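Q: Sequence:
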Amino acid sequence: TIGTATAYSFRFKEWGGWAIFTINDGTGEFSVQSDWGNWCYRWGTDPKHLGAPNLTHFLARMNDAWYVADKFHYGRPRDRERFDGDATERKFRLGVGELYGDGDISLKQARELIDILDDLDWESEEGFMSTFHDNYNDLKVITGEPYEWVMTCPTTPFTILVEALLPFFFDYLRREVVKVAA
2 TIGTATAYSF RFKEWGGWAI FTINDGTGEF SVQSDWGNWC YRWGTDPKHL
52 GAPNLTHFLA RMNDAWYVAD KFHYGRPRDR ERFDGDATER KFRLGVGELY
102 GDGDISLKQA RELIDILDDL DWESEEGFMS TFHDNYNDLK VITGEPYEWV
152 MTCPTTPFTI LVEALLPFFF DYLRREVVKV AA
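Its first residue numbered 2, the sequence shown is counted upward by one per residue in the numbering used here.
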């Protein structure tokens, strides 16, 4: 299918960057290229399932940036979230405290586990996993596998996409292109 795309280019002085939003109503594609990342998704050529005459109108009615961001990031979780070493470390330390508080381990065992936690690499997920597995036999009293204990937080590009870029663009479409009520 060949379609004509419309591109909207913006410079954001307050954010110190740029973004280009491209909509192709003929192919159902929406993409964003920006200083903070590049994303795209294709809804398909038949807009009936969107409940709008075309993709432009669908996006103009959009009030949920998370919905679109989820489409952009489907199958790409690393673009969306990153390892949070501080939160992961807090979770493990609380786990030791709970085990001690519940009487499942002695004070000596709790101190030994804290010493091990002090030596883990909390800077990156790869470093954490490597140092965790080096101490697995001692740490398995807290958790069997570390994956359930790993904490993440949104990446900066994802946060900017959801909290700034998409809301700005949806509002722009409503006001300047489609002129519909939100």
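Worth flagging that the hints you see were computed from the coordinates, not collected in a lab. Note that the coordinates shown come from a computational prediction; the quantities given were computed from them, not determined experimentally. Some clues are possibly wrong.
To be verified - With a Cα cut of at most 30 Å, we get these calculated DSS-like pairs of lysine-lysine:
1) K109 / K92
2) K180 / K72
3) K141 / K109
4) K180 / K14
5) K49 / K180
6) K14 / K72
7) K14 / K92
8) K49 / K72
Q: CA of K49 to CA of K72, is that 30 Å or under?
A: holds, 18 Å
Q: Below or equal to 30 Å on CA atoms is what counts here, so check K180 against K14.
A: Roughly 25 Å separates the two Cα atoms, so the pair holds.
Q: Below or equal to 30 Å on CA atoms is what counts here, so check K14 against K92.
A: Not OK: K14 and K92 at ~39 Å, beyond 30 Å, violated.
Q: Hint check: K180 vs K72, CA-CA at most 30 Å. Holds or violated?
A: With a Cα-Cα distance of about 25 Å, the restraint between K180 and K72 holds, given a limit of 30 Å.
Q: Are K109 and K92 close enough, with their CA atoms no more than 30 Å apart?
A: holds, 20 Å
Q: Are K49 and K180 close enough, with their CA atoms no more than 30 Å apart?
A: holds, 20 Å
Q: So if I understand the rule, the pair passes when the alpha-carbon distance is 30 Å or less; does K14 with K72 pass?
A: Satisfied, since the Cα-Cα distance of roughly 28 Å is no more than 30 Å.
Q: Is it true that the CA of K141 sits at most 30 Å from the CA of K109?
A: With Cα atoms ~16 Å apart, K141 and K109 stay inside 30 Å; holds.
Hint check: a violation occurs at hint 7 only; the rest are consistent with the structure.
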